[in-house]
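Top to bottom, those sequences are chains W and V.
The letter at position 487 of the first sequence is residue 851 when you use the numbering used here, and the numbering goes up by one with no holes.
The letter at position 109 of the second sequence is residue 595 when you use the numbering used here, and the numbering goes up by one with no holes.
I should point out that these hints are in silico values taken from the structure, not numbers from a laboratory.
Even glycine gets a Cβ: it sits at the ideal position worked out from N, Cα and C.
Keep in mind that a hint or two might mislead.
[What the hints assert, rightly or not] A few chain V residues that don't get close to chain W, going by computed Cβ distances all over 12 angstroms:
no.: 1; residue: Leu-499
no.: 2; residue: Ile-500
no.: 3; residue: Ile-504
no.: 4; residue: Trp-506
no.: 5; residue: Gln-507
no.: 6; residue: Val-525
no.: 7; residue: Leu-554
no.: 8; residue: Gly-556
no.: 9; residue: Leu-559
no.: 10; residue: Leu-565
no.: 11; residue: Ser-576
no.: 12; residue: Val-594
[What the hints assert, rightly or not] Here are the computed distance ranges between Cβ atoms for each label pair:
no.: 13; chain 1: W; residue 1: Ala-407; chain 2: V; residue 2: Lys-570; range: 24 to 30 angstroms
no.: 14; chain 1: V; residue 1: Ile-503; chain 2: W; residue 2: Gln-675; range: 38 to 44 angstroms
no.: 15; chain 1: V; residue 1: Lys-570; chain 2: W; residue 2: Pro-984; range: 41 to 47 angstroms
no.: 16; chain 1: V; residue 1: Ser-567; chain 2: W; residue 2: Glu-431; range: 23 to 29 angstroms
no.: 17; chain 1: V; residue 1: Phe-603; chain 2: W; residue 2: Gln-550; range: 57 to 63 angstroms
no.: 18; chain 1: W; residue 1: Ser-445; chain 2: V; residue 2: Ser-567; range: 47 to 53 angstroms
no.: 19; chain 1: V; residue 1: Ser-567; chain 2: W; residue 2: Gln-675; range: 24 to 30 angstroms
no.: 20; chain 1: W; residue 1: Asp-853; chain 2: V; residue 2: Thr-591; range: 53 to 59 angstroms
no.: 21; chain 1: W; residue 1: Lys-579; chain 2: V; residue 2: Lys-570; range: 57 to 63 angstroms
no.: 22; chain 1: W; residue 1: Lys-384; chain 2: V; residue 2: Asn-574; range: 50 to 56 angstroms
no.: 23; chain 1: V; residue 1: Leu-578; chain 2: W; residue 2: Lys-432; range: 27 to 33 angstroms
no.: 24; chain 1: V; residue 1: Lys-570; chain 2: W; residue 2: Lys-384; range: 25 to 31 angstroms
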Amino acid sequence: MNQEDETEQPGQPSTAVPSKRPWWKHGLRIAIQSILLLPLYAAILVAATIAGIGWCYYDASADLDLEKVSRPDIGALILDSHNVEIGRVGSLNQILVTREEIPQIFIDALLAAEDQRFYTHPGFDFMGSVRAALANYRSEGIREGGSTLTQQLARDVYRMEGKSYDRKLSEIAAAVRLEGRYTKDQILVNYLNRVYFGSGFYGLGAAARGYFGKKASELTIDQAALICGIIPSPSRYSPLISPKRARENRDQTLNRMRTNGTLSDEELQHFLSLDTPVASSHEDSLTRGQTSYLVARIERELRSEIATWSQPPASLDGFTIRTSVDLSGQQEAAKTMDRYLKELPVSQPKDDPLEAAFILLENRSGQILLSVGSRDFQKSEYDRSVEMKRPPGSSFLPFLYAAAYENGPFTPATMLLDAPFDNRELGLGSVGGVLGEWSTENPDNHWEGPIPSSMALSQSKNSPAARLSQHVGLDNMRRIVKSCGISTDLRDIPGSLMGASELGLLELVRAYTVFANSGIPAPLPRLIREIEAPSGKVISRPASYAPARAIKASTAQWISDALPTSEKLPATRGKSGTTATYTDAWYFGFNDEFTWGLWVGRDRFTPIASPAFGGRIAQPLAEEIMSSRIRPSLSSSTSHPDHP
Amino acid sequence: MRIFSLVCSLILLIIGIISWQGWEAMGWPPADWAAPLPVFVGGAMMTGALLSFLLRRTGLQIAFLSALCGIGLAIGRMLPSWLKDAFNPSDLDNQFLISMAGLCTVYVILSAIRFIFRPRPIQNAEVESPIQADED
């Protein structure tokens, strides 16, 4: 700001009488100058502040290992129970490509779709960021990223996760450093070798092979545009998951290529008219999906395991992770599941397909032998075996009876009344019946009258169970299920006693092991058996503790004896479950060695069919999956082994 | 105002030199450009202050803009950690930045006051104006 210089006019003689400028004129002059200068100074102050912020983030990025971008990760090798390689954690299952192998048409499509000023910006695109910031401001949230390819590469390499302005600024600082270290072509190649193209394909090489069965250099323009359109949201835009969205994105990319002048009008019309079918077969998709699913699941488990170590390793390179899962069994189970669900005579709209999840545990160790979280992981990455919680319905009844037997005076011989029961007392079902007890499940309104509790459980009678639940109470029930290994809290409603509270498949399967293990639940289920350091030293094994007893051995035996035996699987017992609106069908089974559980339903909570009972929908599928594993020669009786 | 500008710039230079020289001795990692930040701002301000003895208006403008940039840079440098609740005003590097921001703010405020409340100029002076703008 300039001071008082209007006062100085030295050496200018005047004949007029000297006088001070009128005060109003002076004040007006100052006011006008202030109004004109203030925005300029404010802009300079803001610019300096932005520069300071940028400087702060740039300094913070000084510690980044820039060489990591071009250094291929070896990662940790994951082996299944038969020492077959499942994949690698900490590295990507890539087919690396070189600059020469990337066709120019692909680069044109990529730049049109993701970063039009890639060859001219210094790592971040100011105009792109402003555009994204305005869009985010309008939507009152963070919707557009405006990230350049270099920023995306930095985010991927340095695992800058989440959506926040702090993350964004760190990403920009890292991108600027990468631009200083690598040429544009090197950045492009490293980006294309790392970026996720959905359905388990990391890198252009894997995506070209997986989606079209060809090398990257052989891609056509429409195929390149389709692959580029996947990048913004690989789990949603994969052509294996949503062909319609994938095609819309492909068309968008082609239109941008026309706008850029890469395509002529005729070429655009020609490529828009093509179908661009993917070459990946459904069987491939199922098999590959299970591998990707297992790698992701094992990585999650490994990271939480490492987080407990006092000295976590800087890198997982060279580690070997031995797991309990059976890869081929897993892939077979997924195929069986998909085939079975396809053949079910129920409505299966494309936007609300039937889904299923299956878990097989080893009773004594808690090791997970099979874990299928999705019918086809390449189409839906939602892990229903762990992340989903649904009401288990009548498959929860064994725990109600166990709670009753534990607290006495109930025994299997105690008589319970099977007669109409006002379900409103438990808040279950509609006025017409408890879980269909007075309608579909018991269409003749045939009531047994007083029956032994073991028979009530065996026949999954809801009316006696409802009466029993009033004696047990929610507090007792919560205590029992917690000790059985169910960590989810039961909802504070009476119906929770009869399976109306949402629980996870894995925790339910673990809880069922108490009936096979004489009242002791399996240790916390896990996939990792041991972690071996590059030196060969085994540095981690699962906890070999014997969990505390949850229920008496006699209670476990009573429940086990009461549960019906399987007709197809020798020496196994189990319990099916159905929810009131037929949205969930369950089956849990066990023998001396294993416990398994299966859920069938839809993600949108719509009914599977009406009616759709667990015994008819879930049980046959569980038995089919288990039939290859339980053979008469291997099976034994369900007598309980002595537990430590 | 010219003398005041000179004094402020000298103080900033001294803060920056102490900070830069003592940076590693204070346990901070070397070559952190936040350390000599007051030197840059002070240097620019001194350039303006010295120039103002020859070209008064231009020199003082440079000094004023330098101070404005000093405030912005210091605030920008500290803002991210403050937003992340990781700002510790007792850290030496933050103290240097706070000192710089404080001094620059005082300079900017005084300059603004001088600008707004400057004396009314003489019009139509018959002889060379006896009022010297420099009232430092």
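Hint check results:
Annotated as non-interface, Leu-499(V) keeps its C-beta farther than 12 angstroms from every C-beta of chain W; the closest such distance is 19 angstroms. Separation of Ile-500(V) from chain W is adequate, the least Cβ-Cβ distance of about 21 angstroms exceeding the 12 angstroms criterion. Listed as outside the interface, Ile-504(V) is consistent with that label: its C-beta sits roughly 20 angstroms from the nearest C-beta of chain W, beyond the 12 angstroms cut-off. No Cβ of chain W approaches the Cβ of Trp-506(V) within 12 angstroms, the least distance being about 15 angstroms, so the stated non-interface status holds.
Against chain W, the non-interface label of Gln-507(V) holds: every CB pair exceeds 12 angstroms, the least being about 19 angstroms. For Val-525(V), the non-interface assignment is confirmed: its Cβ lies about 15 angstroms from the closest Cβ of chain W, beyond the 12 angstroms cut-off. Residue placement check: Leu-554(V) does not keep its beta carbon more than 12 angstroms from all beta carbons of chain W (closest about 5 angstroms). Not every C-beta of chain W lies more than 12 angstroms from that of Gly-556(V), the closest at about 8 angstroms, which undercuts listing it as non-interface.
The claim that Leu-559(V) is not at the interface with chain W is violated, since a C-beta of that chain comes within 12 angstroms of its own (minimum 4 angstroms). Not every beta carbon of chain W lies more than 12 angstroms from that of Leu-565(V), the smallest distance being close to 6 angstroms; the non-interface claim is violated. Against chain W, the non-interface label of Ser-576(V) holds: every CB pair exceeds 12 angstroms, the least being about 18 angstroms. Distance check for Val-594(V) against chain W: the nearest CB is about 8 angstroms away, which does not clear 12 angstroms, and the non-interface claim fails.
Range check, Ala-407(W) to Lys-570(V): Cβ separation about 26 angstroms, and the 24 to 30 angstroms hint holds. For Ile-503(V) and Gln-675(W), the Cβ-Cβ distance of about 41 angstroms falls inside the hinted range of 38 to 44 angstroms, so the restraint holds. One distance hint, 41 to 47 angstroms for the beta-carbon pair Lys-570(V) and Pro-984(W), is violated here, with the actual separation near 55 angstroms. In this structure the hint that Ser-567(V) and Glu-431(W) lie 23 to 29 angstroms apart at CB holds, the actual value being about 28 angstroms.
Here the CB-CB span from Phe-603(V) to Gln-550(W) is close to 60 angstroms, well matched to the stated 57 to 63 angstroms. Ser-445(W) and Ser-567(V) have their C-beta atoms about 49 angstroms apart, which keeps the hinted 47 to 53 angstroms range intact. Evaluation of the 24 to 30 angstroms hint for Ser-567(V) and Gln-675(W) yields a pass: the beta carbon distance comes to about 28 angstroms. For the pair Asp-853(W) and Thr-591(V), the supplied restraint of 53 to 59 angstroms holds, since their beta-carbon distance comes to about 54 angstroms.
Remark: the range hint 57 to 63 angstroms for Lys-579(W) to Lys-570(V) is contradicted by a beta-carbon distance near 46 angstroms. Separation of Lys-384(W) from Asn-574(V) is about 53 angstroms and conforms to the stated range, judged on CB atoms against 50 to 56 angstroms. A C-beta distance of roughly 32 angstroms is found between Leu-578(V) and Lys-432(W), which places it inside the suggested range of 27 to 33 angstroms. Judged by the Cβ atoms, the range 25 to 31 angstroms given for Lys-570(V) and Lys-384(W) is violated: they are separated by roughly 54 angstroms.
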